[in-house]
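There are 2 protein chains.
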Amino acid sequence: MKLLEDKIKSEGIVLPNNVLKVDGFLNHQVDAQLMFEIGKEFGRLFKKQNVTKILTVESSGIAPAVMTGLAMDVPVVFARKHKSLTLTDDLYTASVYSYTKQTSNQISISKRFIDEEDRVLIIDDFLANGQAISGLLDIADAANIDVVGVGIVIEKTFQKGSQIIKDRDIQLESLARIKALTDDGQVEFE
Amino acid sequence: MKLLEDKIKSEGIVLPNNVLKVDGFLNHQVDAQLMFEIGKEFGRLFKKQNVTKILTVESSGIAPAVMTGLAMDVPVVFARKHKSLTLTDDLYTASVYSYTKQTSNQISISKRFIDEEDRVLIIDDFLANGQAISGLLDIADAANIDVVGVGIVIEKTFQKGSQIIKDRDIQLESLARIKALTDDGQVEFE
Chain B
1 MKLLEDKIKS EGIVLPNNVL KVDGFLNHQV DAQLMFEIGK EFGRLFKKQN VTKILTVESS
61 GIAPAVMTGL AMDVPVVFAR KHKSLTLTDD LYTASVYSYT KQTSNQISIS KRFIDEEDRV
121 LIIDDFLANG QAISGLLDIA DAANIDVVGV GIVIEKTFQK GSQIIKDRDI QLESLARIKA
181 LTDDGQVEFE
Chain C
1 MKLLEDKIKS EGIVLPNNVL KVDGFLNHQV DAQLMFEIGK EFGRLFKKQN VTKILTVESS
61 GIAPAVMTGL AMDVPVVFAR KHKSLTLTDD LYTASVYSYT KQTSNQISIS KRFIDEEDRV
121 LIIDDFLANG QAISGLLDIA DAANIDVVGV GIVIEKTFQK GSQIIKDRDI QLESLARIKA
181 LTDDGQVEFE
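Taken in sequence, the protein lines are chains B and C. Each residue of the first sequence is one higher than the last, beginning at 1 in the working numbering. Each residue of the second sequence is one higher than the last, beginning at 1 in the working numbering.
The reader is advised that the hints may include incorrect statements.
You can't tell identical chains apart in this list, so a pair holds if it fits in one copy or across any two.
[To be verified] Result set (DSBU-like, lysine-lysine): computed pairs, CA atoms no more than 30 Å apart in a straight line:
# : residue 1 : residue 2
1 : Lys111    : Lys83
2 : Lys111    : Lys101
3 : Lys83     : Lys2
4 : Lys101    : Lys166
5 : Lys48     : Lys21
6 : Lys7      : Lys166
The set of hints was computed from the structure by calculation and includes no laboratory data.
Bound conformation, chain B alone (with noise of 0.2 Å):
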């Protein structure tokens, strides 16, 4: 998608072990109207897969999430982070571990809000290791529901987080692949 990848060239700011600061229009200050933009590119996408319901996690795949339900018509249920749970009954839960912040949190959905007939496309920020993706696919097989998609904002894909999605044969669709970040701050696409 070239407004993101003109956004990251522009934006993005490239740090130390691989990492990407994308926080100036993704994942602290958001641009609205890219948020929009790429909800409709979702909704393109995924046409196909008469998606009923979205998930993602809180907080960075609200806002791409909530715009890919407004163009599928379709509601978003967002995942909550917790250090821990005692009381988890009523809850779908799953544990996700961050390489970012080195400590593992539980995400959880409530059983309400997820039903057996439900063709769900999850969306989410970013896929590096694939760890939050994995902790939602876990929710999935638990609540016995399909995935029939992913949808990522931005992939690393020197990163191992696609495998999981490609061996489980789910439609994977990244808006901005990056291949490399490079010693002097360049960002290379596929």
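We have chain B; now place chain C onto it with these hints.
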């Protein structure tokens, strides 16, 4: 806003201690079309304020704030919640007490995304005791910026939150104003 009041009547759940659960369309599952209408309505209500930036707090404020950013064509910044912060040089921070969770969080916004020239509109999902709004106002004071409006999706007018906004002569617009939650589970609007 009639559309919102109807949704609260049909899907809101009244719990003990004046808790109104609206996780079916606002703060866990999100009705994207309703958020879009809410964004348009805030855009209309604050049209004359020449807003340059929208502030909110993760996570439940993000959906209505991003839709308002879309309607008004301005960037949205969401404050992040933390248990505690040590390195805060490049951040504006404030402390926010949650009556529901009975814990204090720090919220923070990067100094890079607020400018003294900004005319800020604060958007949030709920106004009850006003703790989150108060934290955002503290950050606005520290950043020396004008808050020109506060837009709330659901206000509980029987709690004291609106007073801190009125005391500062800031335009307050709440799209649903609840004057009572009854013992038999009814929601009474102003």
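Verification of the supplied hints:
no.: 1; hint: Lys111 x Lys83; result: both (20 Å within a copy, 27 Å between copies)
no.: 2; hint: Lys111 x Lys101; result: both (28 Å within a copy, 21 Å between copies)
no.: 3; hint: Lys83 x Lys2; result: neither (37 Å within a copy, 38 Å between copies)
no.: 4; hint: Lys101 x Lys166; result: within (26 Å within a copy, 40 Å between copies)
no.: 5; hint: Lys48 x Lys21; result: neither (33 Å within a copy, 34 Å between copies)
no.: 6; hint: Lys7 x Lys166; result: within (27 Å within a copy, 39 Å between copies)
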